[in-house]
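A.B. asks: Chain by chain, the residues:
There are 2 protein chains.
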Amino acid sequence: MEELQVVGQRIPKRDALDKVTGRARYIQDMKLPGMLYGKILYSKYPHATIVRIDTSKAEKLPGVRAVLTGEQLPPVKFGFYKDNTPLKAGKVRSYRDEVAAVAAVDPLTAQEALDLIEVTYSPLPTVFDPEEALQEGAPLIHEAHKSNLLKLPWKLICGDVEEARKASDFVAQDRYQVTWVTHCCLGTSGCIADFDLRQNLTMYSNTQIPSLAQKDYLEFLKALGLPDSRVRIIQTFIGGAFGSKLDTYAYEYIAILLARAARKPVKILFDRKEEFQATSTRQPAIIDIAQGCTKEGRLTFRDMTMILDNGAYTSWGATTPSVMMMPISSLYKVPNIRYIAKCVYTNNTYSQAMRGYGNPQATFAIESQLDVLAGQAGIDPYEFRLINGNTPGENTPQGFKITSCGHRDCLEAVARELDWQGKRGKQKNRGVGIASLIHVGGGARVYKSDGCGTMIKMDDYGRVDVFTGASEIGQGSETVIAQIVAEELGLGIEAVNIINNDTDVCPWDVGVHASRTTFVAGNSARGAARKVKDQILEIAAKEMEANPADLVLKDRKVFVKGSPDRSLSLEKVLRKAHYSPQGTMIMGDYFYDPLNDNLDREFKGNMSMAYAYGAHGVEVEVDPETGKVKILNYVAAHDVGRAINPLLLEGQVYGGITMGAGYALSEQLILHKGEVMNPNFRDYKMLTAKDKVPIKAIVVETDDPAGPFGAKGIGEPGCVPTAPAIANAVFDAVGVRIRDLPITPEKIVAALKQKKQEA
Amino acid sequence: MEELQVVGQRIPKRDALDKVTGRARYIQDMKLPGMLYGKILYSKYPHATIVRIDTSKAEKLPGVRAVLTGEQLPPVKFGFYKDNTPLKAGKVRSYRDEVAAVAAVDPLTAQEALDLIEVTYSPLPTVFDPEEALQEGAPLIHEAHKSNLLKLPWKLICGDVEEARKASDFVAQDRYQVTWVTHCCLGTSGCIADFDLRQNLTMYSNTQIPSLAQKDYLEFLKALGLPDSRVRIIQTFIGGAFGSKLDTYAYEYIAILLARAARKPVKILFDRKEEFQATSTRQPAIIDIAQGCTKEGRLTFRDMTMILDNGAYTSWGATTPSVMMMPISSLYKVPNIRYIAKCVYTNNTYSQAMRGYGNPQATFAIESQLDVLAGQAGIDPYEFRLINGNTPGENTPQGFKITSCGHRDCLEAVARELDWQGKRGKQKNRGVGIASLIHVGGGARVYKSDGCGTMIKMDDYGRVDVFTGASEIGQGSETVIAQIVAEELGLGIEAVNIINNDTDVCPWDVGVHASRTTFVAGNSARGAARKVKDQILEIAAKEMEANPADLVLKDRKVFVKGSPDRSLSLEKVLRKAHYSPQGTMIMGDYFYDPLNDNLDREFKGNMSMAYAYGAHGVEVEVDPETGKVKILNYVAAHDVGRAINPLLLEGQVYGGITMGAGYALSEQLILHKGEVMNPNFRDYKMLTAKDKVPIKAIVVETDDPAGPFGAKGIGEPGCVPTAPAIANAVFDAVGVRIRDLPITPEKIVAALKQKKQEA
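Which chain is which? The protein sequence lines are A and B, in order.
Note that the numbering used here has the first sequence beginning at 1, numbered continuously upward.
Note that the numbering used here has the second sequence beginning at 1, numbered continuously upward.
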């Protein structure tokens, strides 16, 4: 691989200093002159007709500036399926439904006003189980849709599963289940809607999709009769974003409506309870899976059907099957694939993107069952995986073109580091487990564009301002892009200023999802930097009477390749260009959009320019009395193409695994008849500092041909194979397989008891 | 002239709504978290040695966070002549000298701390008159300079003045004098210096020269040992800027030093008294002038010498002779020119750029004396001016290439509108006067670059964000640039968003001076818009199977020239480009730098790409008892090339004339032995609403070949010929000529008395 100066360095996150010293201003910290506080009244029933809303008392409360209900609003729909409205008129479909909203001079007055709003409901029959919701005669969540089954045709067929099943020597078949978990961002959801006097909207927000949110709001304003209004999204410092901020939500539209009504900026900020109750979760799923193999351990088919609880409304959660198809079709070499998924309306909360976007659910089932199948075939699970491991140059059944691929290297590294051979099946109450992952690592064309724009301008000293579409949401994009630009322009990183998180000044970008930022925004930044470099070399070439193609820009100098002595300082070149009549200054822009495919009608195509592979291994100790699982050692090997910044990369891996371990062992948003029973950090058990998983992160570099300096994405992979690796280790430790997450002590104790009874 | 849709419209200033409703945030309104308030202690003597400064009491005052004196600072100089320091060490040279500074938690505590600083001075001999300051043995302001005469070689020689004088039929010779006037910005000077934790400086400021101020601060930080620090200038809404903000000042460096010392943001905001005392003024000048003509009234020569009171330090005021040369050499056709200027240090306040930049001073002398000379020759002053008027295609003695020129049209329009023939010399105590002007109208290369950059990005709907180097300082650049971009791209003006006044996001620009913004930034914006348009037409051409050169972009549609029916909507073109694999979005940048000259060593060259001409005429009534002058009618005709926005153009003319009329009749910053005696609006007599001059503004369009859509600059011209036009009208009314400004009632009464005695 090419020798680099800034790329590859362990450079701390640029925003770290501001964050640890309290200088960073989150949406929580922001206050605009004259700003009002908005609050939302939620439904008291999971399914009911709204008979009457009386807001008269609330309106009379001193300090109240606006009170809104759904009846007063134009019938504007939003969301992926256009089945949601900012405030519900006619009926409510879940406890999360927004029934009324107020804006007042302070939050307490707003709360008091909510308490004065009188709503009369007439309860309707409910359904909370997606399988029941599919039955004839089940209560309809959206009458107009005539069925609770969403008309989304999730179906992938490759080869002939039935034939392959018949031809298999071994077949495993069972059911797995995953439940609601939520994002637990330390910074709760919030926004400030602010109209100027020309009716242009500025939205301060912690969205992950500024360009798409801008579009949503533009359409909303158009529907409100403001077709010429402009929308500016300013992303404040973001206190965690793992997918919940990948859509626009009722609370944002409500803030806009309140700001319009009150003619003042309006802030809506979720409290922690609201964050648990009204933020979209990861999708719960019921997964039926069958896989087969030959005597030699070669996988023959994979057959999966899934039922997803969609909740009462539709966000991107309903589209996660498109990503689930990825591990289903392309994790290990599997010639025959069948996958069918159903998204079903219920009176529960609705789901959304969350780190991994369906991949952790699918991979949990696949990788858990692979151990079962390996057991049937009498093959060591690690060996079984190596036999079927993915390799460079592969075209997978779904149509993915695998270029760089370090899958087997990752498996081997994990087995070695974990002492697989020494430990597997050889310890009492201790066990090791392994699981792999595939994820998109080179963008994912889920929208019409997967692009990102960059603009660069350079001053007379060689300092650059880089305008990137990429949003810094805590993942470190700012630092990574600065490194890429510095590397390309032969500058130190301190010379690079990143301008981001503001749609007025930043070019378009589809959003922070699909682990795409380093790859897509990185390529975009590198492209813009190259255009800038070309201009510099062109000017220098004239001065030096050389061919631009022979020149190198490095260490703030331009010199002829191989002759660093014959050089011109960058500053001299810049001033020469600038300081003469009809002078010029260096600016450049670039829009990078990968040459990847939108999946076709059969859900086939090369959705990403690169795929990230990895393998996780874990050693656990299980207390057979209490069922408590302790992680003794965790090894994560990731094929990242190239590590632009190993420090930040490891941070992504640590964070992903910690999230994955919570998913595996303890996290669960408990819904009882549609109501969240544990909307707080005491009862919702996410891992905290004291639960720190001892992680060893191994970087496997494969120098991806399409990645910026060879890099691939790493934002999501860390949380993908954690649950099955742990489930497999638990099985190795105590011989019970838990098929529904989380793997709580209660479930282990119950399974051990049943195992004993069966023995 | 080309028919246009948005250019030429009377569109109100874009920032007007925010300003009249109080939404606009001036530096006065700004407060950063943790911000401290800085205050400056000024000298108690106009010239003295600082014997001792005791800050111990101030340091002990609760709430004080930093106290600084000059002795503690590294010896960093600033200013045009590098003769100034942020805080003075060793000695003070004027009452305006900064001796110490404090930062405290509130302004009152800061003021209290100042009062606790004990300074012991030892007074030195003083000099306040520049002619005295030039004499042998005068006290030296800067000992190191060995003389009070600045070593600035202002001298312009064209032809042979001595010979021409001999050959003249008539010669007039006399002395004119102009005194200090000041800017009277309603928004006083102020800034906030804010360092981040990487020692990067953000300066909130109402500067007119963000890019050059950035450079000054970068050099300052380097001298403080911070070579890698970045500097960002954010120009807040600006409450008036007429040149006083065209340099960096001690108070700004002091804010930076206090912010460094206190590790907090520090705001320094002048109060009104400080604004009068410590803001740089227009240059006072003593002007000796002689002009001659033939019997036929043709001008033969112009011979001028000037002494400028430079005050104790040097800002751009010392360079105003470079602009004075413009009317001296090129207003009317004058074959032989001699001009010598001396800038002299005194213990007075120091001067700076102010609207017109020396031109009003020079034009006052020239145009007053032209009436005298016309009188000697027995020619009507208007006819006299027509005879000598400038014409297109002229190359003036200094080397200006006059392209578009409406000088005579302006004279004729004024004479017609004023009923010159009917009134001149025919009224008792009423009189008419006329005067002309030339000013740069196409940039002015006073710095190494006269350029301005623009970047444009377009969204999927055809809305554009325009990043301009041009600063909106109240003059309306935002609106004018939006019109130019809208026109070029066939958009409505509401589709154009202007991003300005922030060095991080805006390209470089030399600053708001020389009436250059519409011309230079306008050409830059048009250039960038053209690049954007080319991209759009290229894409559309492929779709339409047409030649891009045959396509027109208008009314948000692309169509073949002459066939508006065969069209493609702009939105379709944009989405086609964006929404496909390897898609693109429209971005473009352009740096426009005129092909004008830096003046050579003989001060010759074509300093601007275009010259703005104009003529003003005024009718006054003079009360012979009180000497009071009343303006009955004011006509201003300006050759503007093309009016981009007549409404804003007229605003510039009205504002300029009001400032010029104050200069002519009432304004004077009174200095007594270096001390400002009238630092308030009660004693400093600027014109107010009740003194409204009845102005008729006439626009003469000459379609300048180099201007954006034919436009030339108009920011300064309005105030240039006002004083001589009024002086000439006063002479016509009551037969006395006042040769030193302002033309106060006292001076008129005294002159009438003397005239009566002489009669």
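If you are wondering where the hints come from, they were derived from the structure by calculation, not from laboratory data.
The reader is advised that the hints may include incorrect statements.
Note that identical chains are pooled: a pair holds if it fits in a single copy or bridges any two copies.
What the hints assert, rightly or not - In silico DSBU-like links for lysine-lysine, alpha-carbon gap of 30 Å or less:
(1) K572 / K60
(2) K557 / K426
(3) K576 / K448
(4) K542 / K448
(5) K557 / K628
(6) K264 / K77
(7) K44 / K531
A.B. asks: Could you tell me which of the hints above the structure violates, numbers in ascending order?
C.D. replies: Hints 1, 2, 5 and 7 not satisfied by this model.
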